[in-house]
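Mind docking chain B on chain A? Use the hints.
As they're listed, the protein sequences go chains A and B.
No gaps in the numbering here: position 160 of the first sequence is 160 in the working numbering, and each next residue is one more.
Plus 284 on top of the position in the second sequence (first one is 1) and you've got the working numbering.
For the record, the hints were derived by calculation from the structure and aren't laboratory data.
Note that the structure is predicted; figures quoted are calculated from it, not measured.
Any given hint might turn out to be false.
Calculated lysine to aspartate or glutamate pairs in the EDC-like style (CA-CA distance at most 20 Å, straight line) [to be verified]: (1) B/Lys403 - A/Glu274; (2) B/Lys558 - B/Asp366; (3) B/Lys558 - B/Glu362; (4) B/Lys558 - B/Glu458; (5) A/Lys275 - B/Asp399; (6) B/Lys558 - B/Glu367.
Looking from chain A toward chain B, a few residues come up when the C-beta cut is under 8 Å (computed) [stated by the list, open to error]: (7) Leu49; (8) Pro110; (9) Leu124; (10) Glu274.
Heads up, the beta-carbon is just placed ideally off N, CA and C, and yes, glycines get one too.
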Amino acid sequence: MSATTTAGSTLTTTASRVWRVAALALIVLFACGPIVWMVLSSFRPPAELFQDPPQVLPRGWTGQWYDEVFASSDVLRWFANSFTVSVATTLVAVTIGTLAAYALTRFDFPGRRTLLGSLVVAYLFPSILLLVPVYLLLSALGLVGNLSGLVVAHLATTLPLAIWLMKSFVESVPRELEEAALVDGCGQLRAFALVTVPLLRTGLATTALFVFILSWDEYLFASVLTQGDTMTVPVAIAGYVTSFDIRWGAIMALGTLVTLPIVVIFSLLQRLFEKGITSGSVKG
Amino acid sequence: MTTTSTAPPARAVPRGQQRRGSIRARERRLGIMFALPATLLFLAVLAYPIFENIRTTFFSVDLLTGRTEYVGLANLRELASDETLRSTVGRTLLWTVACLAGQLALGLLAAILIDQSWKGMRWIRQLLLLPYVVPVIASALIWTWMLDGSYGILGSGLQSLGVVPDGTSPLGMESASLWTVIVINVWRGFPFAMLVFWAALQGIDQQQYEAAKVDGAGPLREFWSITLPNLRGAVIALVALRGIWTLMYFELIWLTTRGGPVNSSDIVPTYIYKIVMGEFRLGYAAAIATVTGLTLFALAAVVMVARKVRRAA
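For reference, chain B alone in the conformation it holds in the complex:
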């Protein structure tokens, strides 16, 4: 500390050479120190649980007695022959693709509409972001109430249009429940896509549009050959991020339909939850989680390798 009062530039170079090794060591020490709490937490709440989940896959756990028993591959064998799980996986894919398509389409439309320097646009953006900010419990209840078969504003509207039978909510119909929760999730998720698209739109070089105008391109042509290509990065990011989140999004469906009626709106996350909290079969739930996690991991790996290969080519 006391040495710092002497002029540093005069001896900076020799000192640096002398002490490079010790500076390295100090940096290493500081790095470990700063990263330690997060590393420990990661180990405790992520690495260990993942390991524990894989281990539990080979056990039968009785929640009531707390007894665990090694059952080998029994859980995985049950998984392979589980018909309900199979149809649930199909619904999960449909749910994910439909939600993403809806959120991206509506998000893009909204992004184009708010990409104007009109007065008060900041307020409109704020209003459009609200569905994403409202707690999911409130969103689920709002829609359940609006779609209510007897007193709901949308429910009775749909009934008078003859879309749903009298006295029923589309959330309570086996034929409509999945599509209804998809609409609700599009409502909830489109603002996120809107923001990402909007940020990307602002990054587009305006000269490209001017050049297109000179070439006599109409608005549709401009959209196809300038706007869309420029949004590729945003689309990829959105599909990857929101894809994983939507595949495994538990709350909204659970809080509106609990996966019902029967299994008509069950997706893998709600199915796992039912097996844990309804049947208390932790071993089987862990098996489904392990297989799901590995599938997601393999998918991510394939996507990453494909991108690397394409970049190298």
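Looking at chain A on its own, in the form it has when it is part of the complex:
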């Protein structure tokens, strides 16, 4: 009797294991299939790309789409623009965000509650609703068509997230360490710079990762605020689709190129990324 039940239960566990593996494989295919298809398409010769019906397995491969993309000096400029904007946004948002997060967790000051409240509103505020006023503001300042204008707009969307994330990291730094430094004669500023900031390395990296991805990815403000020489990659690629006859090979090459930096950063910092998502949303 007992023998049959154990046999039965191992059977069901094997069966459920098979089901689990099959379901997992399907979901992985759904998640990664499109991305793999993009990369494959970017290496396919035109004859195979424009074949009706399309073939799944490639027979030949070519680097011609990448040659074509890199031959255009515009492409390098777009990437340089995107990189400049993302790095500038990241530096400013992380710096200002860390200072604010520190103030919010360590000090009691007038306006603290208001700042906390507006932080939540800002974090959830949809950027499409700011499109008109931000555009009017930046055009009044003469910053439309200018990369620094775009950085300002990106700060509107990334700063709340930066403060939010950094706040949870500052909270995890024990106050006693700073107090020890204060007792040893450090001023508050030096205690912050020499004790707290080094302990925030993980938090700084996580926050920088998120801000960089958001800024690199951003299309809405970029499409309104940049043109010609100042276009970022997403805006330029979107324009590429409509302005020419659709050159899918080159577009898939550009898509792969714009994805690559993000995937590289992400795989280096996967743990931080997972932690960031779970602490950034569930805590709130």
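Here is chain B on its own, set in the frame of chain A:
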């Protein structure tokens, strides 16, 4: 600075009493100093724009000449009688509910599947997170290409199954465009839900499952009476956060269908964008944004009050 060389504990107490007021003041000063840059930026890029948006609601702004003219309630009156806007709001709600349902369902399934200590699970998690990490411009183009009516791998697959007519992409069909972008957004958003659910699953006390096993509960029963109740917090957080983001998610739809064909996949954000960039009617766009913002605000307030009332009860 020089006084610190003397032993601090000996005089810590009297000094603390004496200087409590000044320490308070110092803390206040430091707090303001550290928070100042962020506060100024908030004022410049959030508070002022919100104010400016409300103000613009009562103006007609001509982008070409830069002329603004006070028009009173005209924009709001137009909004109230805008039939296209009305159907767009309906689509926005459908889009949001369908995307959330899909993302949460698939995210939960994926979370349960990856909640195993199998070898290599870290890699699988990484693969499953990819759709969320890929830039939205790339995602939009991948799917447009795969669904292409002539050469797309999915497009021609759907055609040979007879789901869509020959030579067409579902993104180009009025009857299918909205559902197609919903599928794409489920693809893009489910990893986020998966991570949040997965984190919540790991917080469940394993003893609850053991107790259920002793009571003879099957896997389905376990899921209903232990797993799901424990995920309530995660579900609420996901619906609130992703709900607002999905309602106002502009990029994906704009980059795949531009709200078309006709208006079949337009939602409020793409509608606002078209009024700004296509018709240059900033006053009217501001009016829609103001009303949308106020609605969201009221909704959030109602939810918060409801939660407080329930907690108090």
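For which of the previously enumerated hints does the structure constitute a violation, in increasing order of number?
As far as the earlier hints go, not one is violated by this structure.
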